[in-house]
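Enquirer: For the protein sequence lines, the chains are G and V, in the order given. With the numbering used here applied, the first sequence covers 1 to 451. With the numbering used here applied, the second sequence covers 1 to 323.
These are computed hints drawn from the structure, not numbers from a lab. Where is the CB? At the ideal position from N, CA and C, for every residue including glycine. Among the hints, erroneous ones may be present.
Claimed, not checked - Only part of the chain V face toward chain G is listed, based on derived beta-carbon distances under 8 Å:
hint, residue
1, I6
2, M45
3, F47
4, L201
5, D204
6, Y223
7, K262
8, E276
9, W284
10, E294
11, A314
12, M319
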Amino acid sequence: MPLSGLQIYKLLPKTNCKDCGLPTCLAFAMKLAAKQMELAACPHVGAEAKAQLADASEPPVRLITLKPSAKIAGGRELKSGNETVLFRHEKTFINKPGMFLRVHDNEPIASIQARVAAVEAYSVRYVGMDLTLDGFAVQAEAPLDATRFASVVSAVRAASKRPMILIAPDAAVMSAGLKAIEGDNALIHGATAANYEAMAALAKQYHSALVACADTLDGLADLTNKIKAKGVDDLVLDPTSRQLGASLTRQTQIRRLALKKDFRPLGYPIIAFPGDAAPDQEALQAAQAIAKYAGFIVLERFAPEMVYPLLVLRENIYTDPQKPIQVLPGLYEINNPKPTDPVLVTTNFSITYFSVANEVEGAGLPAWLLIVDAEGMSVLTGWAAGKFDAERIAKAVKDSGVANKVTRHRLVVPGHVAVLSGELEEALSNWEIRVGPREAVDLPAFMKQVL
Amino acid sequence: MPQVEIPKDSWSGSVTTVTLGATAADGGTRSHTITVGGHKALPFMHFEQKMAHRPLIALEIKDHRPDDWSPLLLDLWGDAANDPASWAKAAESAGADALVLWLSQNGTDGKPTTPQAAVASTKAVLQASGLPLLVFAPGQAELDNALLVPISEATTGERLVLGICEDKNYRTIAATAMANGHLISTRTPMDVNLAKQLNILVRDMGIPPDRILMDPTTGGLGYGIEYGYSVMERLRLAALQGDGNTQSPMIVTPGAEAWKTKEAKVGHDVPATWGEWLERAINWETLTAMALVESGADIIVLRHPESMRRLRAAIDELMSVPA
Ligand code: B12
Ligand code: SF4
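Generate coordinates for the entire structure from the input sequences, incorporating the hints supplied.
Expert: This is the structure in structure tokens:
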């Protein structure tokens, strides 16, 4: 639980020596509480005060970082945890849950390699961002075979630059797998009451994070305490429920305990396994995991038609609710427009901009795209809020200097704001105002037929 | 072993219980009624309070074949989509809990839908199916009033839900609903305060809380769902904290929003990374709906029966946790 300024003040030397650059210890304490300065700025704090302050500054949900070995050029890192709220409107959700594809060590190696390669190559564009999965999980299947597990782990590592989760119930098998990717900071699944000592030893030896698995919260808390006592701090929780109702309950309880009660034994990210669900429920389970507090999500199936909507949902839930994603206002050139090509006008809300730009670009049609500063709002929202009106559009036309770039002064406005055309004709008297279709999908046809 | 003390929220407020439809015993013709709302805790937190009523899934049908719908939906419904009665039957046998008859702005002749036609469609649906019915007008304040008032009068006592009641036309719709024993669905654009204000306005007219549903408006996945999601979470929290103007059960239309998106609507000339069309479209609809179920939706209006089947299986699981 973060300490208040006064609580911090009590731990400082109270000499007001000013070495930290502030006039008083109290002022410094306030800056620390507001996270505007670091404790290191005061050269005089004692060891005990340092320890207490460090403990209090631990995030309620521990930050876990996974990454492939430094030997792997261009290896991708994944951060999970560090969350501070139960509801995204309270502030924002911070680290998107890592999404992993699981393979099984009893599958033919060629089919594993093919799937890994497909995921590795997969990247889908959504409002200008390239979205991808984050890594792979390899699961040891019965009858357990350490050599086979290790060879599959190596094969996946050879084909991927992303973090890995190793899943095996047995420490000897796990050890073989970890050895195969020595240097990785991986995630080990997992420790139970029965095997935690051996698994904790492996986690330490291989600098990896460890999943604690137990089907009650008491059991989980007990297990994380025991593992921590063995010197492993990077933990992840598997409450083992694979049913939607039970996982929602458990994950909510864990998040609440961590945030509201500062309950350290459960202050870790959670791992969810929607891939264990029936094939047609996997997407729904993953959707719940995204919205309701998972830090790692293990999928069984790789199908773009499922992965794309899940990646979009994850972006949506994890956007900062205070500021809509925006693009810079101004004049954009699409497909090398000539002075005779039309000028299309829209807002600087990313979703709006990209739905228009993608259509025009995809159709190979040249155009000038004028982005009005509508404070990041969509066409109709901006219009209703007075941020996308004739005045702002006229101003954008003037500021952009587009009049000097085109010889035919044609301005196409979105169909949804057809009502603006009268005012625009007045404000931009030497422009021909054209009302476009309502939806961007219909723009290419409109441009070909009507313009 | 340590005993973890599970934090339980205790709330002073609750969501109003609302019953849709009336059977013969209550002056209607529905084969059964459905009750939503009544919650005393956040969705599916059965360990605090057993959830009173599960979210219900309604399928959307139209008064005539909607040419702007995705071909995936039109192919699926086939000839049933040609007239509202056979569409209603098809939707009922597909397993819908309730039906939403969403009237078109224009008839097949391209002219605005007439009150006579709207009444006829509504009656045809009531005759074809015993499910509780919601009737939504096209969303043009004046036309909506012209259509909903005669529908309301022609179906007295059915406990239909009349929508969409907005700030521009709430007076007419609330008045006719009260006079004829119906319910209303209010809609405001994704804003907690606007939702509260409209609730105050309709209640000032004297319509009892157990006849009000509220639609906080949602955006489709990838097109603004996060705003709707958070507004719903905030409304539900306010309801539980005791704010009487946020306690109506929430109705949302993820079907209409999801099927508006290019991802669901279009199958050709889209990036290969979008995957197979039908499954993508179903996922677009179910994921939009699932997020809203988690944030407190009580009535979910969908368009595709397969989405309904999957979402219902998910709700079954969410409901089946022992308290
Ligand atoms: C998400 C949303 C919000 C978000 C804001 C999102 C944002 N950053 O803009 C929030 C919750 C903040 C919001 C607030 C408000 N909203 Co709002 N909101 C929506 C919602 C649900 C989706 C909008 C969206 O993102 N659409 C997706 C984008 C991509 O669409 P788009 O910009 O229109 O672009 C499409 C087309 O216009 C076209 N296009 C775009 N550019 C161009 C250019 C050309 C040349 C062409 C041809 C085509 C074209 O292509 C795109 C794809 O097809 C809509 C309802 C709905 N379901 O549509 C209401 C809606 C837009 N909001 C509305 C209102 C009234 C408001 C508020 C004024 C409410 C209030 N009084 O507070 C506020 C205003 C904001 C403020 N004062 O702060 C109304 C507008 C009503 C009207 N007809 O005027 C709507 C329609 C809801 C409703 N039915 O009442 N809103
Ligand atoms: S340096 Fe340390 S002791 Fe000196 S004023 Fe700052 S906080 Fe106080």
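Enquirer: Now tell me if each hint is right for this structure.
Expert: Results for each hint:
1. I6: Holds, because the Cβ-Cβ distance from I6(V) to chain G comes to roughly 5 Å (cut-off 8 Å).
2. M45: holds (7 Å)
3. F47: Given a least distance of 6 Å, the restraint on F47(V) holds.
4. L201: violated (19 Å)
5. D204: violated (24 Å)
6. Y223: holds (6 Å)
7. K262: holds (6 Å)
8. E276: Given a least distance of 5 Å, the restraint on E276(V) holds.
9. W284: With a minimum Cβ separation of about 6 Å from chain G (threshold 8 Å), the hint on W284(V) holds.
10. E294: holds (5 Å)
11. A314: With Cβ-Cβ at 5 Å, under 8 Å, it holds.
12. M319: holds (7 Å)
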